[in-house]
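These protein sequence lines map, in sequence, to chains R and D. So the first sequence is numbered by my numbering: it starts at 1 and just counts up by one. So the second sequence is numbered by my numbering: it starts at 1 and just counts up by one.
What the hints contain is simulated information worked out from the structure, not anything from laboratory work. Glycine residues also receive a C-beta, built at the ideal position from the N, C-alpha and C atoms. It is possible that some hints are incorrect.
Calculated cross-link-like contacts (lysine-lysine; reagent style DSSO-like; alpha-carbon spacing at most 27 angstroms) [to be verified]:
{"no.": "1", "chain 1": "R", "residue 1": "K57", "chain 2": "D", "residue 2": "K71"}
{"no.": "2", "chain 1": "R", "residue 1": "K14", "chain 2": "D", "residue 2": "K42"}
{"no.": "3", "chain 1": "R", "residue 1": "K11", "chain 2": "D", "residue 2": "K37"}
{"no.": "4", "chain 1": "R", "residue 1": "K57", "chain 2": "D", "residue 2": "K37"}
{"no.": "5", "chain 1": "R", "residue 1": "K57", "chain 2": "D", "residue 2": "K42"}
{"no.": "6", "chain 1": "R", "residue 1": "K71", "chain 2": "R", "residue 2": "K57"}
{"no.": "7", "chain 1": "D", "residue 1": "K42", "chain 2": "R", "residue 2": "K11"}
{"no.": "8", "chain 1": "D", "residue 1": "K37", "chain 2": "D", "residue 2": "K68"}
Covered by chain R, according to a simulated footprint, are these stretches of chain D (three or more residues, beta-carbon under 8 angstroms) [as the list claims (entries may be wrong)]:
{"no.": "9", "segment": "37-44"}
{"no.": "10", "segment": "75-86"}
The following label-pair restraints were derived from C-beta to C-beta distances [stated by the list, open to error]:
{"no.": "11", "chain 1": "R", "residue 1": "E56", "chain 2": "D", "residue 2": "E79", "range": "26 to 32 angstroms"}
{"no.": "12", "chain 1": "R", "residue 1": "K57", "chain 2": "D", "residue 2": "S28", "range": "22 to 28 angstroms"}
{"no.": "13", "chain 1": "R", "residue 1": "S66", "chain 2": "D", "residue 2": "E79", "range": "30 to 36 angstroms"}
{"no.": "14", "chain 1": "R", "residue 1": "N18", "chain 2": "D", "residue 2": "S52", "range": "39 to 45 angstroms"}
{"no.": "15", "chain 1": "D", "residue 1": "Q60", "chain 2": "R", "residue 2": "E101", "range": "15 to 21 angstroms"}
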Amino acid sequence: DTGVSQDPRHKITKRGQNVTFRCDPISEHNRLYWYRQTLGQGPEFLTYFQNEAQLEKSRLLSDRFSAERPKGSFSTLEIQRTEQGDSAMYLCASSIDGSDEQFFGPGTRLTVL
Amino acid sequence: GENVEQHPSTLSVQEGDSAVIKCTYSDSASNYFPWYKQELGKRPQLIIDIRSNVGEKKDQRIAVTLNKTAKHFSLHITETQPEDSAVYFCAAGGGYQKVTFGTGTKLQVIP
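Sequences are here, hints too, so could you generate the full structure?
As structure tokens, then:
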């Protein structure tokens, strides 16, 4: 599969636990985006990378959230001390320089109990 | 920052009729306007996009119009089919950066 992949697809955790999600972009895509989507809403921007550089972070991204893309390929999104309000679908997208088109992964659905 | 408003939130049409979804945006610097279709439990899929130097774009039964002066853009689906039933999101952005999404329109095509 040459599309964007995300792992895991589903995660159930207890409040206060840490979770980490992974995103693998389309292989030649150097831009990678993280969005969060709650039920009945559009995706909300969290952060994005150009290669390994994190260029923008949303105010939605509290101190409990951290994202990395150490080698400019896959990215991880970690949420520390999860809260029930973190329950959402976390979507990753990628694009290539010269194109605005973003290709989305299947998402990781997080449920915090 | 950019703010995108989308209307209506739900839309029911008879099969074969047309559907129109409208969006407005606030940031005049936005120059890229994609539309995504999202089926239940699936990822958003790009169905059509338009750049600010173009007023209209068409792809088979789908068309998008853009009024840059008024900061309005719209999605038009003609000859709707049951498989068009989904949630549709407009978005605005550009410069190879983030896009800001609207709140979505749930389209139901009644056979």
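Worksheet item: Does the alpha-carbon distance linking K37/D and K68/D stay inside the 27 angstroms limit?
Response: holds, 23 angstroms
Worksheet item: Is 26 to 32 angstroms right for how far apart the beta carbons of E56/R and E79/D are?
Response: Distance hint for E56/R, E79/D is violated at roughly 40 angstroms.
Item to complete: Compare the distance between the alpha carbons of K14/R and K42/D with 27 angstroms, and conclude whether the hinted pair is satisfied.
Response: This hinted pair holds, its Cα atoms lying about 25 angstroms apart.
Fill in: Distance restraint evaluation - Q60/D, E101/R, Cβ atoms, bounds 15 to 21 angstroms
Holds - the Cβ-Cβ distance for Q60/D and E101/R, about 18 angstroms, lies within 15 to 21 angstroms.
Worksheet item: Are the Cα positions of K57/R and K71/D separated by 27 angstroms at most?
Response: Holds, because 26 angstroms separates the two Cα atoms, which is no more than 27 angstroms.
Fill in: Residues of the segment 37-44 of chain D with Cβ under 8 angstroms from chain R, three needed, outcome
holds (count 3)
Worksheet item: Should the hint that S66/R and E79/D are 30 to 36 angstroms apart at their CB atoms be regarded as holding?
Response: violated, 48 angstroms
Item to complete: Measure nothing beyond the straight line between the CA atoms of K57/R and K42/D; if it is 27 angstroms or shorter, mark the hint as holding.
Response: Holds, because 25 angstroms separates the two Cα atoms, which is no more than 27 angstroms.
Item to complete: Would you mind confirming whether the straight-line C-alpha gap from K71/R to K57/R stays at or under 27 angstroms?
Response: Given pair K71/R, K57/R holds - Cα atoms ~19 angstroms apart, limit 27 angstroms.
Discussion item. Looking only at beta-carbon atoms, does the pair K57/R, S28/D fall within the given range of 22 to 28 angstroms?
Written reply: At 24 angstroms between Cβs, range holds.
Discussion item. Checking one constraint from the list: CA of K11/R to CA of K37/D, max 27 angstroms. Satisfied?
Written reply: Holds, at roughly 25 angstroms.
Fill in: Supplied distance hint 39 to 45 angstroms, evaluated on CB atoms of N18/R and S52/D
holds, 42 angstroms
Against the hints set out earlier in the document, violations occur for numbers 10, 11, 13.
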